[in-house]
Amino acid sequence: GAVVSQHPSRVICKSGTSVKIECRSLDFQATTMFWYRQFPKKSLMLMATSNEGSKATYEQGVEKDKFLINHASLTLSTLTVTSAHPEDSSFYICSARSAGANQPQHFGDGTRLSIL
Amino acid sequence: RKEVEQDPGPFNVPEGATVAFNCTYSNSASQSFFWYRQDCRKEPKLLMSVYSSGNEDGRFTAQLNRASQYISLLIRDSKLSDSATYLCVVGPNDYKLSFGAGTTVTVRA
Numbered sequence: 001g002a003v004v005s006q007h008p009s010r011v012i013c014k015s016g017t018s019v020k021i022e023c024r025s026l027d028f029q030a031t032t033m034f035w036y037r038q039f040p041k042k043s044l045m046l047m048a049t050s051n052e053g054s055k056a057t058y059e060q061g062v063e064k065d066k067f068l069i070n071h072a073s074l075t076l077s078t079l080t081v082t083s084a085h086p087e088d089s090s091f092y093i094c095s096a097r098s099a100g101a102n103q104p105q106h107f108g109d110g111t112r113l114s115i116l
Numbered sequence: 001r002k003e004v005e006q007d008p009g010p011f012n013v014p015e016g017a018t019v020a021f022n023c024t025y026s027n028s029a030s031q032s033f034f035w036y037r038q039d040c041r042k043e044p045k046l047l048m049s050v051y052s053s054g055n056e057d058g059r060f061t062a063q064l065n066r067a068s069q070y071i072s073l074l075i076r077d078s079k080l081s082d083s084a085t086y087l088c089v090v091g092p093n094d095y096k097l098s099f100g101a102g103t104t105v106t107v108r109a
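Line by line, the protein sequences are chains A and B.
So that you can map any letter, position 106 of the first sequence is 106 in our numbering, and since no number is skipped, the others follow by simple counting.
So that you can map any letter, position 74 of the second sequence is 74 in our numbering, and since no number is skipped, the others follow by simple counting.
Any given hint could turn out to be false.
What the hints assert, rightly or not - Cβ-Cβ distance ranges computed for the label pairs, FRET-style: (1) B:GLY54 x A:THR17: 47 to 55 angstroms; (2) B:THR106 x A:GLY100: 44 to 52 angstroms; (3) A:CYS13 x B:PRO14: 40 to 48 angstroms; (4) B:GLY54 x A:THR57: 32 to 40 angstroms; (5) A:VAL3 x B:GLU3: 25 to 33 angstroms; (6) B:THR106 x A:ASP109: 32 to 40 angstroms.
Calculated directly from the structure, the hints in this document are not laboratory data.
Ideal placement from N, C-alpha and C gives every residue a C-beta, glycine not left out.
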């Protein structure tokens with residue numbers, strides 16, 4: 001159980017392109033979803049937290065107009081990197097969590113984004 | 001000071017050996033503790049939650065020391081498939097988690 005699917009797994013595109021990444025919880029209702037990015041050999045850094053039907057809460061230093069997050073249903077959240085530039089190249093990972101105490105976060109497969 | 005600190009390793013051990021490592025955290029209000037494993041260029045996968053009394057899951061044992069603010073992971077009878085990076089994850093609750101940069105374990109035949 002607790003499967004989270006993330007798509008696409010790999011994106012290579014030109015600078016200035018907007019990229020949309022989907023995160024789906026396949027077998028549970030994800031009341032909260034999280035978006036992280038990870039640079040090589042570094043820890044995951046939380047970008048934003050989103051609750052279904054609400055606006056996302058962004059971490060300090062993360063531009064909300066740059067990284068658009070939509071959590072329209074209990075099983076789907078999307079992250080759109082708008083007008084991506086080479087410095088946005090990274091590994092983006094979503095996680096999802098169901099309601100209740102002591103629920104762990106379950107991670108998607110991650111999206112490796114490369115901006116040329 | 002980082003919120004979560006781990007010895008990056010690598011810990012190189014032979015098959016069948018026992019390997020253990022710690023992770024320290026800075027926020028004394030932390031209530032949620034997890035160990036995740038991450039294989040190279042893959043997503044983190046939950047290994048186990050860490051409870052106050054310590055807990056065991058097969059060959060893996062996790063301990064929490066609140067007084068000294070660290071958690072530990074011990075792997076007994078290491079298998080080749082245990083080779084991975086182990087992420088220490090800590091937070092005041094299940095929503096606001098901080099990740100360590102990971103401890104790399106390599107089990108050799």
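Hint-by-hint comparison with the structure:
1. B:GLY54 x A:THR17: 47 to 55 angstroms: 49 angstroms, holds
2. B:THR106 x A:GLY100: 44 to 52 angstroms: 37 angstroms, violated
3. A:CYS13 x B:PRO14: 40 to 48 angstroms: Hint holds: Cβ distance 45 angstroms, inside 40 to 48 angstroms.
4. B:GLY54 x A:THR57: 32 to 40 angstroms: The hinted range 32 to 40 angstroms holds for GLY54 (chain B) and THR57 (chain A), with Cβ atoms some 33 angstroms apart.
5. A:VAL3 x B:GLU3: 25 to 33 angstroms: 29 angstroms, holds
6. B:THR106 x A:ASP109: 32 to 40 angstroms: 23 angstroms Cβ-Cβ, so the 32 to 40 angstroms window is violated.
The earlier numbered hints that this structure contradicts are 2 and 6.
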